[in-house]
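In this note's numbering, the protein residues as written are 1 to 296.
There's no promise every hint is true.
Unchecked claim - Just the calculated beta-carbon pair ranges, DEER-fashion:
(1) Glu48 with Arg269: 35 to 43 Å
(2) Ser268 with Asp163: 37 to 45 Å
(3) Glu11 with Asn91: 33 to 41 Å
Claimed, not checked - Straight-line distance between alpha carbons at most 25 Å, and here's what the computed SDA-like set of lysine to any residue pairs gives:
(4) Lys212 with Gly292
(5) Lys212 with Gln88
(6) Lys215 with Asn91
(7) Lys5 with Ala26
(8) Lys149 with Gly189
(9) Lys212 with Asn91
(10) Lys154 with Lys215
(11) Lys149 with Ile160
(12) Lys212 with Arg191
(13) Lys154 with Lys250
(14) Lys175 with Glu286
(15) Lys154 with Ser241
(16) Lys140 with Ser233
(17) Lys289 with Gly225
(18) Lys149 with Arg70
(19) Lys212 with Lys149
(20) Lys149 with Pro232
(21) Lys140 with Asp150
(22) Lys290 with Gly225
(23) Lys149 with Glu67
(24) Lys175 with Ile63
(25) Lys250 with Gly240
(26) Lys5 with Gln38
(27) Lys212 with Arg269
(28) Lys281 with Thr213
(29) Lys245 with Ser264
(30) Lys175 with Ser233
(31) Lys245 with Leu273
(32) Lys281 with Gly240
(33) Lys154 with Glu179
(34) Lys140 with Glu65
(35) Lys250 with Pro232
(36) Lys149 with Ser121
(37) Lys281 with Ala236
(38) Lys149 with Gln99
Treat the hints as calculated values from the structure; they're not laboratory data.
From a predicted model like this one, the values you see are computed outputs, not experimental measurements.
By construction, the Cβ of each residue, glycine as well, lies at the ideal position given by its N, Cα and C atoms.
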Amino acid sequence: MYDMKALYEAESVQHAIQLRLDHPEAQIIAGGSDVLVQMREGRRAGKELISIYMIDEMRGVSIDEDENIRIGSLTSFSHITRDPIIRQYINVLGEAVDQVGSPQIRNIGTIGGNTCNGVTSADSASTLHAWEAIVELTGKNGVRRIPIKDFYIKAGVVDIRADEGEIQTAILIPKESYENTCGHYIKYGLRNAMEIASLGCSVNVRLSEDKKTIKRCRIAYGVAGPVPMRAPSAEAVANGSEISKDLLDKFSLAVLNDINPRNSWRASRDFRLHIAVEMAKRCLFESIKKAGGELE
Numbered sequence: 001m002y003d004m005k006a007l008y009e010a011e012s013v014q015h016a017i018q019l020r021l022d023h024p025e026a027q028i029i030a031g032g033s034d035v036l037v038q039m040r041e042g043r044r045a046g047k048e049l050i051s052i053y054m055i056d057e058m059r060g061v062s063i064d065e066d067e068n069i070r071i072g073s074l075t076s077f078s079h080i081t082r083d084p085i086i087r088q089y090i091n092v093l094g095e096a097v098d099q100v101g102s103p104q105i106r107n108i109g110t111i112g113g114n115t116c117n118g119v120t121s122a123d124s125a126s127t128l129h130a131w132e133a134i135v136e137l138t139g140k141n142g143v144r145r146i147p148i149k150d151f152y153i154k155a156g157v158v159d160i161r162a163d164e165g166e167i168q169t170a171i172l173i174p175k176e177s178y179e180n181t182c183g184h185y186i187k188y189g190l191r192n193a194m195e196i197a198s199l200g201c202s203v204n205v206r207l208s209e210d211k212k213t214i215k216r217c218r219i220a221y222g223v224a225g226p227v228p229m230r231a232p233s234a235e236a237v238a239n240g241s242e243i244s245k246d247l248l249d250k251f252s253l254a255v256l257n258d259i260n261p262r263n264s265w266r267a268s269r270d271f272r273l274h275i276a277v278e279m280a281k282r283c284l285f286e287s288i289k290k291a292g293g294e295l296e
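Turn these sequences into a full structure, and let the hints guide you.
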């Protein structure tokens with residue numbers, strides 16, 4: 001059923017790094033919800049695999065000494081959705097990954113696998129971009145941390161240096177990004193379940209003490225370009241602005257300055273541009289409500 005040359009099972013992060021160095025052509029497998037499907041289709045036929053699934057030190061959610069929220073790369077979607085730290089500080093991420101596949105997929109699929117695939121439609125990707133996540137990579141030269149926007153190089157390609165034995169070990173959400181911040185995610189697909197996103201939009205805001213002004217706003221999309229992307233023009237419109245219905249309109253239209261969706265069998269470019277505007281408006285509205293703001 002699965003045409004593989006060899007399967008190596010890593011027992012620790014350092015063991016995984018050494019296996020990568022010893023077998024430079026081998027591919028990493030975690031939950032296997034993507035890799036095994038692709039292997040069965042023949043796209044990874046005859047490959048060597050390095051399983052990192054048994055490395056428990058790469059699981060779980062915690063707050064580190066710098067008050068970053070640290071999500072181990074092997075943390076499953078189901079764990080993220082239920083985790084009390086996620087629910088308290090970035091509940092929108094739990095809501096986003098809860099839209100991945102089926103319950104069985106969410107139990108086995110990992111946040112690391114979802115990002116390392118490099119696909120723009122990953123349900124976690126737009127929210128992680130909107131929350132300015134940092135990707136932690138560990139290799140023979142130690143730990144390297146890079147902003148998630150720099151991690152995605154092009155469609156299906158991420159910045160992991162195989163020649164250094166690197167694996168992704170964690171995703172970090174900085175305190176500056178999550179403190180006093182609320183967000184909302186919308187996924188558009190042709191059906192409500194078991195669907196790859198035709199477009200995904202994630203917004204988060206931090207309001208002033210009187211809840212009348214947006215102090216900080218971030219918005220990111222999936223499937224609005226070859227990689228997940230922010231919409232800085234819209235952010236500039238919202239940052240420092242008083243909350244109003246007029247702001248919702250200006251904010252949502254401003255995303256058209258930044259996004260560049262493509263035509264595909266799932267949706268046309270024009271349709272994606274159309275729904276991107278409406279999704280931005282709805283996400284901002286819901287984010288403001290969650291943060292305690294009101295629209296008169």
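Hint-by-hint comparison with the structure:
no. : hint                           : result
1   : Glu48 with Arg269: 35 to 43 Å  : holds, 39 Å
2   : Ser268 with Asp163: 37 to 45 Å : holds, 40 Å
3   : Glu11 with Asn91: 33 to 41 Å   : holds, 34 Å
4   : Lys212 with Gly292             : holds, 9 Å
5   : Lys212 with Gln88              : holds, 23 Å
6   : Lys215 with Asn91              : holds, 20 Å
7   : Lys5 with Ala26                : holds, 9 Å
8   : Lys149 with Gly189             : holds, 24 Å
9   : Lys212 with Asn91              : holds, 23 Å
10  : Lys154 with Lys215             : violated, 32 Å
11  : Lys149 with Ile160             : holds, 14 Å
12  : Lys212 with Arg191             : violated, 36 Å
13  : Lys154 with Lys250             : violated, 30 Å
14  : Lys175 with Glu286             : holds, 22 Å
15  : Lys154 with Ser241             : violated, 33 Å
16  : Lys140 with Ser233             : violated, 39 Å
17  : Lys289 with Gly225             : violated, 28 Å
18  : Lys149 with Arg70              : holds, 17 Å
19  : Lys212 with Lys149             : violated, 30 Å
20  : Lys149 with Pro232             : holds, 13 Å
21  : Lys140 with Asp150             : holds, 21 Å
22  : Lys290 with Gly225             : violated, 28 Å
23  : Lys149 with Glu67              : holds, 21 Å
24  : Lys175 with Ile63              : holds, 9 Å
25  : Lys250 with Gly240             : holds, 14 Å
26  : Lys5 with Gln38                : holds, 15 Å
27  : Lys212 with Arg269             : violated, 35 Å
28  : Lys281 with Thr213             : holds, 16 Å
29  : Lys245 with Ser264             : violated, 33 Å
30  : Lys175 with Ser233             : holds, 24 Å
31  : Lys245 with Leu273             : holds, 21 Å
32  : Lys281 with Gly240             : holds, 17 Å
33  : Lys154 with Glu179             : violated, 30 Å
34  : Lys140 with Glu65              : holds, 24 Å
35  : Lys250 with Pro232             : holds, 13 Å
36  : Lys149 with Ser121             : holds, 15 Å
37  : Lys281 with Ala236             : holds, 15 Å
38  : Lys149 with Gln99              : holds, 22 Å
When the structure is compared with the earlier hints, violations turn up for hints 10, 12, 13, 15, 16, 17, 19, 22, 27, 29, 33 and for no others.
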